[in-house]
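Chemist: Quick mapping for you: the protein sequence lines, in order, are chains D and V.
So the first sequence is residues 3 to 196, counted in my numbering.
So the second sequence is residues 6 to 378, counted in my numbering.
Treat the hints with care, as some may be off.
[Said to hold, decoys possible] Distance condition first, Cα-Cα at most 25 Å in a straight line; then the derived DMTMM-like pairs of lysine to aspartate or glutamate: (1) V:LYS339 / D:GLU46; (2) D:LYS173 / V:ASP345; (3) V:LYS343 / V:ASP41; (4) V:LYS343 / D:GLU134; (5) V:LYS339 / D:ASP149; (6) D:LYS177 / D:GLU46; (7) V:LYS68 / V:ASP127; (8) V:LYS181 / V:GLU34; (9) D:LYS173 / D:GLU98; (10) V:LYS343 / V:ASP331; (11) D:LYS166 / V:ASP90; (12) V:LYS204 / D:ASP149; (13) D:LYS173 / V:GLU344; (14) D:LYS177 / V:GLU344; (15) V:LYS204 / D:ASP83; (16) V:LYS339 / D:GLU26; (17) V:LYS343 / D:ASP83; (18) V:LYS343 / D:ASP148; (19) V:LYS339 / V:GLU163; (20) D:LYS94 / D:GLU26; (21) D:LYS177 / V:ASP345; (22) V:LYS60 / V:ASP90; (23) V:LYS204 / D:GLU98.
Just so you know, the hints here were simulated from the structure itself, not pulled from any lab data.
This one's a predicted model, so the numbers in the text were calculated from it and none came from an experiment.
One letter stands for each residue in the lines below.
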Amino acid sequence: MEAPTGTEEEEEERGNGFSVSAEERDRWIDRAMHMAQEALESGEVPVGCLMVYNNQMVGMGRNEVNETKNATRHAEMVAIDQVLNWCLRRSKNPAEVFQRTVLYVTVEPCIMCAAALRIMRIPLVVYGCQNERFGGCGSVLNISSDDLPNTGTAFQCIPGHRAKEAVEMLKTFYKQENPNAPQSKVRKLNGHKR
Amino acid sequence: MKKMEQVHCPGDQHGEGNLVPDPELSSWEALPVLPDHQTQGVELVWAYAIPVLDKKKTSRLVKEVSAIYPLVGQGHLKRVRACPDKTSPHALEILLCLASQGGDTVEGVRPLSELLPSGQIDWSDLGEPYLVHVPAHPPFTRAQFEEAKLHWPTVFHENKHISNALQGLLFSKEDKAKMQIYMEKAIHTARQGAERGMKAVGAVVVDPATEVVLAVGHDCSNASNPLLHATMVCIDLIAQRQGRGAYSFNAYPACTISPSGDRAIPLPAKSIQPGVVRKYESRQDGLPYICTGYDLYVTSEPCVMCAMALVHSRIQRVFYGASSPDGALGTRYKIHSKEDLNHHFEVFRGILGTECCSLDQKKQGQQCVSSQL
Chain D
3 MEAPTGTEEE EEERGNGFSV SAEERDRWID RAMHMAQEAL ESGEVPVGCL
53 MVYNNQMVGM GRNEVNETKN ATRHAEMVAI DQVLNWCLRR SKNPAEVFQR
103 TVLYVTVEPC IMCAAALRIM RIPLVVYGCQ NERFGGCGSV LNISSDDLPN
153 TGTAFQCIPG HRAKEAVEML KTFYKQENPN APQSKVRKLN GHKR
Chain V
6 MKKMEQVHCP GDQHGEGNLV PDPELSSWEA LPVLPDHQTQ GVELVWAYAI
56 PVLDKKKTSR LVKEVSAIYP LVGQGHLKRV RACPDKTSPH ALEILLCLAS
106 QGGDTVEGVR PLSELLPSGQ IDWSDLGEPY LVHVPAHPPF TRAQFEEAKL
156 HWPTVFHENK HISNALQGLL FSKEDKAKMQ IYMEKAIHTA RQGAERGMKA
206 VGAVVVDPAT EVVLAVGHDC SNASNPLLHA TMVCIDLIAQ RQGRGAYSFN
256 AYPACTISPS GDRAIPLPAK SIQPGVVRKY ESRQDGLPYI CTGYDLYVTS
306 EPCVMCAMAL VHSRIQRVFY GASSPDGALG TRYKIHSKED LNHHFEVFRG
356 ILGTECCSLD QKKQGQQCVS SQL
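Kindly generate the complete structure, drawing on both the sequences and the hints.
Modeler: The following block contains the structure:
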């Protein structure tokens with residue numbers, strides 16, 4: 003009931019026998035939205051995310067690409083590292099924690115992050131708006147649900163939570179453009195792509 | 006081989022004479038991993054053709070038809086063809102317009118009065134329109150051109166780079182010798198990682214313009230960080246070389262970078278390999294934006310995460326040895342040439358394929374995919 007995507011059979015297969023109530027979902031996605039808003043106000047890509055285990059926030063993240071000069075430091079990747087740290091400090095087994103952790107993120111994870119979430123075996127992702135440029139949960143590729151036996155496990159997605167707000171934030175940000183990124187080739191190529 | 010002395014990197018003290026050169030060169034081939042639309046058969050769409058009844062009026066008709074249906078985006082299709090049916094009463098046919106967007110769904114034959122409403126063109130010189138199959142896209146390779154023109158006369162501007170890649174003419178013997186040395190370094194690093202209990206995957210980042218090895222890394226993934234694949238390690242090492250980065254690899258002495266201070270000035274254009282476009286962004290430190298302009302050599306095909314990380318990092322070219330079952334640069338996906346993405350790069354597989362294949366096999370029990378050269 004809580005998870006409109008994926009069949010019951012798949013759920014049993016993955017053994018993710020937990021569910022999140024609508025109220026819980028709203029509460030956590032609200033916090034993620036606040037983080038994205040903060041990021042926007044400090045000139046960062048407005049993506050906020052947090053990871054919840056046992057009704058407790060065990061990791062959060064926002065984009066750190068410019069600070070680290072490492073283009074893979076997306077909010078989700080930062081949050082994964084925080085959860086790993088959390089596990090280390092509490093001598094928890096990361097595999098057990100991640101298998102029962104829900105990711106709340108304002109924008110659909112990109113292809114890279116979707117693959118990382120598979121490798122970590124996170125079972126469920128609740129997100130806001132689609133990621134038309136890089137999305138890995140259906141927009142560009144379907145990494146979340148494709149059959150990839152050597153890349154962790156597939157995960158479920160619950161999209162569309164406060165999508166409009168998330169899109170608005172992205173639009174506001176891209177109007178300013180990322181001063182650190184090189185000029186986009188996409189627009190130039192549009193005419194003769196393929 | 007004198008030039009190779011420029012390849013320096015700290016931690017390069019592995020003097021086991023493991024750089025076995027030339028005799029091996031012939032045993033592998035750098036195979037291009039091209040996007041599907043460059044290698045597949047010709048995709049066809051339906052279009053309307055109209056017989057020209059009075060041959061003398063062809064040029065006027067072409068002009069008038071082109072004004073109404075300019076066929077924007079179908080510049081590869083010639084407007085007129087000689088009728089393939091020799092018994093036909095007319096000799097020429099004009100291509101009018103596409104019948105539908107998709108290749109399969111046809112709207113059904115429409116009469117001339119509908120396609121060219123009266124007043125626009127004098128119908129008396131035209132026959133009844135009929136449906137033909139035409140190539141949907143310009144041909145990239147000669148093979149595609151030969152196939153395309155069987156359906157409708159097609160313009161062909163051969164893409165020399167793709168043709169050369171397909172014929173294996175892209176790399177000289179010298180290039181191959183360098184590629185082998187870089188991949189040998191990646192293999193050596195993979196073994197160093199394996200000795201410490203890591204997965205035997207190694208990677209090397211090279212600046213092809215200066216031939217300097219910038220970073221060397223191996224897979225560092227374990228239970229406490231399952232995402233540190235060799236490619237991810239190298240991406241962070243390049244960030245560290247640019248004064249930033251997110252991880253510490255102090256525990257892994259084989260993961261090293263060359264100092265960024267001595268970055269050589271790019272050599273004159275002559276020495277730059279074909280297909281290499283130098284793109285230094287004007288940044289204060291003189292270093293490029295993340296991995297712009299750099300090549301990655303990695304012993305096995307990157308996974309989805311690593312492949313997309315390379316897109317985000319703006320890598321220029323990737324050379325890998327062995328294919329991976331869920332590989333994202335050829336096997337399961339071709340993320341490097343995915344049209345919707347904002348950066349594309351070239352990929353070649355099979356560099357020291359056999360050696361790379363044997364690296365990680367025992368551990369993963371994987372089949373060696375890359376030996377199907």
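Chemist: Name the hints, by number, that the structure is in violation of.
Modeler: 1, 9, 11, 16, 17
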